[in-house]
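Student: Chain by chain, the residues run as shown.
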Amino acid sequence: GENVEQHPSTLSVQEGDSAVIKCTYSDSASNYFPWYKQELGKRPQLIIDIRSNVGEKKDQRIAVTLNKTAKHFSLHITETQPEDSAVYFCAASTGSARQLTFGSGTQLTVLP
Amino acid sequence: NAGVTQTPKFQVLKTGQSMTLQCAQDMNHNSMYWYRQDPGMGLRRIHYSVAAGITDKGEVPNGYNVSRLNKREFSLRLESAAPSQTSVYFCASSYYGYGSAEAFFGQGTRLTVV
Chain A
1 GENVEQHPST LSVQEGDSAV IKCTYSDSAS NYFPWYKQEL GKRPQLIIDI
51 RSNVGEKKDQ RIAVTLNKTA KHFSLHITET QPEDSAVYFC AASTGSARQL
101 TFGSGTQLTV LP
Chain B
113 NAGVTQTPKF QVLKTGQSMT LQCAQDMNHN SMYWYRQDPG MGLRRIHYSV
163 AAGITDKGEV PNGYNVSRLN KREFSLRLES AAPSQTSVYF CASSYYGYGS
213 AEAFFGQGTR LTVV
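If you're matching them up, the sequences are chains A and B in order. For the first sequence, our numbering gives the first residue as 1, with consecutive numbering after it. For the second sequence, our numbering gives the first residue as 113, with consecutive numbering after it.
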């Protein structure tokens, strides 16, 4: 089955700096890569996703890049703010949510 | 629209006790899932269902049973709770099939087995 590895497990940045979280996947058939944000005590929520026919996708301060050849994808957050502090999960799927495999999560802390 | 609602929010069980976690969604989704979240291990799928009456095992199914009696509801049962089942449990739902892969999560159940 699919295996998704996520790094780093914890990340601290100064407010206004950029943050990058990286994930690798093992199944070359995976074609859908979402990122979820989970604030403390809350449920995970989708913040951005990318499909394998696209190399990069941006939504305001967040972007995701995908390298299919190397089987890795990354989340980029620019101009970080305290409200970006949360746990971020990457995931990979062969197309449907029932096949989502999640990474182990990254605790991002934005320091004021 | 309440989205995905699960109950209870917190539960403490003694080893060997049983309980059922309830989940309901009002988004007309075909598929529903149960995940457990443990520190450093992300979200792992326990069981899932693509339609009423159809369930299948996920990555960590041992010790859990599920029931999908109708489209809205998907329950998770622990027949004989063990300390290793201490975790945060999330129910989720999505449309079935390709093209709409976003999973919507409930608010979670924090279960402690002592």
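Just so you know, these hints were derived from the structure itself, not from any lab. One thing to keep in mind: the hints can contain errors.
[What the hints assert, rightly or not] FRET-style restraints, in silico, Cβ to Cβ: (1) 17(A) with 196(B): 34 to 42 Å; (2) 130(B) with 111(A): 42 to 50 Å; (3) 166(B) with 68(A): 29 to 37 Å; (4) 58(A) with 196(B): 16 to 24 Å; (5) 114(B) with 59(A): 23 to 31 Å; (6) 185(B) with 42(A): 17 to 25 Å; (7) 120(B) with 28(A): 36 to 44 Å; (8) 16(A) with 152(B): 42 to 50 Å.
Here a beta-carbon is modelled for each residue, glycine too, at the ideal position from N, C-alpha and C.
Student: Range first: 16 to 24 Å. Now tell me if the beta carbons of residue 58(A) and residue 196(B) are that far apart.
Tutor: 42 Å, violated
Student: Holds or violated: the 42 to 50 Å window for the beta-carbon distance between residue 16(A) and residue 152(B)?
Tutor: This hint is violated: roughly 29 Å between Cβ atoms.
Student: Is it true that residue 185(B) and residue 42(A) lie within 17 to 25 Å of each other by Cβ?
Tutor: Holds, at about 23 Å.
Student: Regarding residue 120(B) and residue 28(A), is the given constraint of 36 to 44 Å on their beta-carbon distance met?
Tutor: 41 Å, holds
Student: Could you check the hint for me, namely that residue 114(B) and residue 59(A) are 23 to 31 Å apart, CB to CB?
Tutor: 26 Å, holds
Student: Per the hint of 34 to 42 Å, is the separation of the Cβ atoms of residue 17(A) and residue 196(B) within bounds?
Tutor: At roughly 39 Å between Cβ atoms, residue 196(B) and residue 17(A) fall inside 34 to 42 Å, so the hint holds.
Student: Has the hinted range 29 to 37 Å been met by the Cβ atoms of residue 166(B) and residue 68(A)?
Tutor: 32 Å, holds
Student: For the pair residue 130(B) and residue 111(A), does the Cβ-Cβ distance stay inside 42 to 50 Å?
Tutor: 45 Å, holds
Consistency note: the structure conflicts with the earlier hints numbered 4 and 8.
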